[in-house]
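Chemist: So you can see what is in the structure, the chains are spelled out below.
Protein chains: 2
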Amino acid sequence: MSLSFLDLPIVLAPMGGASTLELVAAVSNAGGFGILPCAYSTPEQITTQVSQLRRATRRPFGVNLFVESRPSVVDAHDVARAHDRLRAYREELGIVHTPQPAVPPDHYRGQIDAVLKARPDVFTFTFGIPDRDTLTRFRDLGIFTIGTATTVDEAVALADAGVDGLFAQGSEAGAHRGTFLAPVEASLIGTLALVPQVVDATHLPVFAAGGIGDGRAVAAVLALGAVAAAIGTSFLLAAESGIAVAYRNALRSKRSTDTVLTRAFSGRTARGMANRLTQELRDPDDIAPYPFQNAITRDIRTAAGEQGRSDFLSLWAGQAAKLAKEAPAADIVAELMQEAQARAECVTETLLASSSLLGRKNRQYELRKDPIRAIVFRRPST
Amino acid sequence: MSLSFLDLPIVLAPMGGASTLELVAAVSNAGGFGILPCAYSTPEQITTQVSQLRRATRRPFGVNLFVESRPSVVDAHDVARAHDRLRAYREELGIVHTPQPAVPPDHYRGQIDAVLKARPDVFTFTFGIPDRDTLTRFRDLGIFTIGTATTVDEAVALADAGVDGLFAQGSEAGAHRGTFLAPVEASLIGTLALVPQVVDATHLPVFAAGGIGDGRAVAAVLALGAVAAAIGTSFLLAAESGIAVAYRNALRSKRSTDTVLTRAFSGRTARGMANRLTQELRDPDDIAPYPFQNAITRDIRTAAGEQGRSDFLSLWAGQAAKLAKEAPAADIVAELMQEAQARAECVTETLLASSSLLGRKNRQYELRKDPIRAIVFRRPST
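Listed in order, the protein sequences are those of chains X and A.
Residue numbers for the first sequence follow this note's numbering, so the first one is 1 and each next one is one higher.
Residue numbers for the second sequence follow this note's numbering, so the first one is 1 and each next one is one higher.
Source of the hints: derived by calculation from the structure; they are not laboratory data.
Glycine included, each C-beta is placed from N, C-alpha and C at the ideal position.
Check before you lean on any hint, since a few could be wrong.
Claimed, not checked - If the Cβ cut is set under 8 Å, some of the chain A residues that face chain X in the computed set are:
1) T42
2) P43
3) V152
4) I189
5) G190
6) L192
7) G210
8) G211
9) G213
10) A223
11) L224
12) G225
13) Q319
14) R343
15) T348
Please build the complete structure, drawing on both the sequences and the hints.
Modeler: Structure (structure tokens):
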């Protein structure tokens with residue numbers, strides 16, 4: 001598979017609830033690569049959204065789904081208890097506490113079929129590995145597949161399954177951890193350490209994700225061997241972003257540097273700004289497994305957004321959230337590229353300069369630049 | 001203060017128990033900047049070691065101390081319980097379980113005086129901020145001071161105290177977390193996210209630490225705005241490294257990718273390879289505060305090293321430990337520089353080529369992979 005969908009090494013990470021069609025189209029139109037988050041969409045919505053996106057951009061884009069990771073057995077009492085634990089919040093928000101917990105949709109197969117039918121350039125997925133038949137169907141249609149790895153073991157498992165590329169999601173990343181093999185706590189590897197090891201272990205195109213706040217980090221992850229930087233949080237303040245005003249205000253504030261890992265909102269561990277819900281919903285017994293927790297907190301998150309209350313919103317953000325800027329997405333893409341280029345040139349000059357400095361100051365080694373590109377250390381002839 | 005001590009942007013992070021005088025001298029002699037770990041040395045040892053180091057290199061080097069962080073009140077029962085918790089391990093190792101726990105030395109003031117008298121080019125410190133008078137004494141002697149920050153708040157506090165430079169220690173880093181303001185769990189920020197924010201918040205020279213396994217990451221942290229890469233783990237397999245054989249073997253094995261944060265060895269949180277002690281000593285009630293835990297586990301660590309048993313050794317390692325190579329330190333420095341330079345040039349070319357696409361919307365572009373792994377973006381010839 002070729003990387004012909006990738007012009008600039010800038011990918012808009014799929015952000016459910018934040019990545020509007022306008023944002024995805026704007027990033028793709030600016031030369032980046034937009035990915036439409038479809039994990040929370042019905043099959044019908046996927047069909048409609050991809051069709052709308054095609055009218056908004058003639059450039060390539062991707063679609064993201066969560067691989068089905070519903071537990072095979074769910075204790076209804078656990079879900080009911082988690083639902084009841086939210087009663088006080090509903091009262092505070094003035095919304096109805098239904099007797100029965102909301103039930104998450106069970107439409108993964110339909111989603112897959114809808115994506116295959118919609119034929120985006122790229123299919124990306126999170127939380128695991130689709131079964132062999134599913135991956136084969138994408139391959140047969142020439143759709144480039146990208147899985148999400150948070151450890152080298154996950155990267156190797158995905159490579160073995162035949163994916164075409166990998167997101168290497170470092171511990172800095174905002175929103176859901178893609179972890180699917182070891183426990184999340186044992187799978188928190190910084191992007192700087194993760195990316196080179198995933199490159200070495202798989203030799204696949206790696207899209208670095210996590211902590212990429214501006215062009216400096218874009219240059220950095222390319223130096224690590226990534227083919228592109230996957231950026232979420234730094235597009236959250238884009239003009240086209242769909243986040244609630246309270247979320248936007250939190251991102252603009254000093255709070256943005258205080259992120260935590262929480263299962264409170266969806267039942268799966270995700271990184272976001274600390275707020276009342278992340279502080280008060282910590283006991284595992286209070287939280288239903290994914291996707292049940294996600295279903296039962298939806299009414300609360302919706303009401304909180306409408307009422308401008310950030311204390312009950314999932315305020316997903318990565319550890320470089322402070323670096324997010326408010327601008328049209330196209331300007332953000334352009335600035336990322338300009339800054340990355342300036343930094344890369346600066347580093348190249350610095351390394352050249354320090355090499356020649358060494359040649360003068362230190363008599364033990366002479367350093368020269370060879371005609372190709374390597375720096376060669378050699379002992380002086382004397 | 002000038003950075004005249006820094007020729008190549010490669011710093012040997014201070015590694016107590018691993019950084020021999022030979023290793024520090026070798027890195028400095030190769031054009032890098034060696035830092036001698038003195039946290040566990042007596043004032044007399046500091047005097048002797050610095051004097052020996054001066055004979056081993058005519059190039060600049062630094063010295064590191066832990067800022068005094070002994071709790072003002074220590075419950076003797078807590079220490080005794082932690083000591084007794086180790087009885088079974090001593091039996092297993094065949095060493096004496098003393099009736100009284102070992103007492104950590106209380107010689108911080110003497111260490112400071114010894115470092116001032118030894119006058120290294122650079123004084124680096126960890127675990128907090130020395131008092132104002134102490135920092136003034138270093139400043140008056142023209143000794144460059146570098147503090148250690150794991151968060152932006154710590155970086156700002158150190159800058160306010162008047163340090164000349166900062167280690168920005170990302171969550172990937174091996175060995176002790178330098179954290180001194182918020183709890184460690186709330187201070188685990190990936191290097192990729194931390195460095196640019198520390199640069200922005202302080203405008204001081206930043207030495208990036210954590211997860212820098214090879215030249216790719218050296219180029220990356222320079223792109224992030226660091227003046228140099230501080231590297232520990234990737235010097236652990238250097239010929240001059242002083243680690244025990246069992247530790248060296250663990251680093252060479254697949255175990256090296258499995259690091260955990262533990263307080264088992266010193267009472268302070270540090271990152272190392274998982275082993276029996278990190279697995280079995282997890283209950284906070286079993287662990288005395290630093291430096292008491294460090295004192296009471298010393299005989300166990302020493303015996304384990306002598307007996308070639310990695311299960312009771314502190315196997316400090318960062319998250320990029322897999323990338324460590326066995327070679328003389330000078331060769332490691334040279335290879336770091338060569339790889340960093342090659343990567344920086346590659347990224348510069350990539351970004352230059354792709355930035356020509358900026359602004360050219362709705363055009364199809366062609367992407368190909370060139371023979372040396374660089375991704376080259378170019379417009380179609382038509």
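Chemist: A separate judgement is required for each hint: does it hold in the structure or not?
Modeler: Here's how the hints hold up against the structure:
{"no.": "1", "hint": "T42", "in the structure": "32 Å, violated"}
{"no.": "2", "hint": "P43", "in the structure": "31 Å, violated"}
{"no.": "3", "hint": "V152", "in the structure": "6 Å, holds"}
{"no.": "4", "hint": "I189", "in the structure": "5 Å, holds"}
{"no.": "5", "hint": "G190", "in the structure": "4 Å, holds"}
{"no.": "6", "hint": "L192", "in the structure": "4 Å, holds"}
{"no.": "7", "hint": "G210", "in the structure": "7 Å, holds"}
{"no.": "8", "hint": "G211", "in the structure": "3 Å, holds"}
{"no.": "9", "hint": "G213", "in the structure": "6 Å, holds"}
{"no.": "10", "hint": "A223", "in the structure": "4 Å, holds"}
{"no.": "11", "hint": "L224", "in the structure": "5 Å, holds"}
{"no.": "12", "hint": "G225", "in the structure": "6 Å, holds"}
{"no.": "13", "hint": "Q319", "in the structure": "4 Å, holds"}
{"no.": "14", "hint": "R343", "in the structure": "5 Å, holds"}
{"no.": "15", "hint": "T348", "in the structure": "4 Å, holds"}
Checked against the numbered hints listed earlier, the structure breaks hints 1 and 2; every other hint is satisfied.
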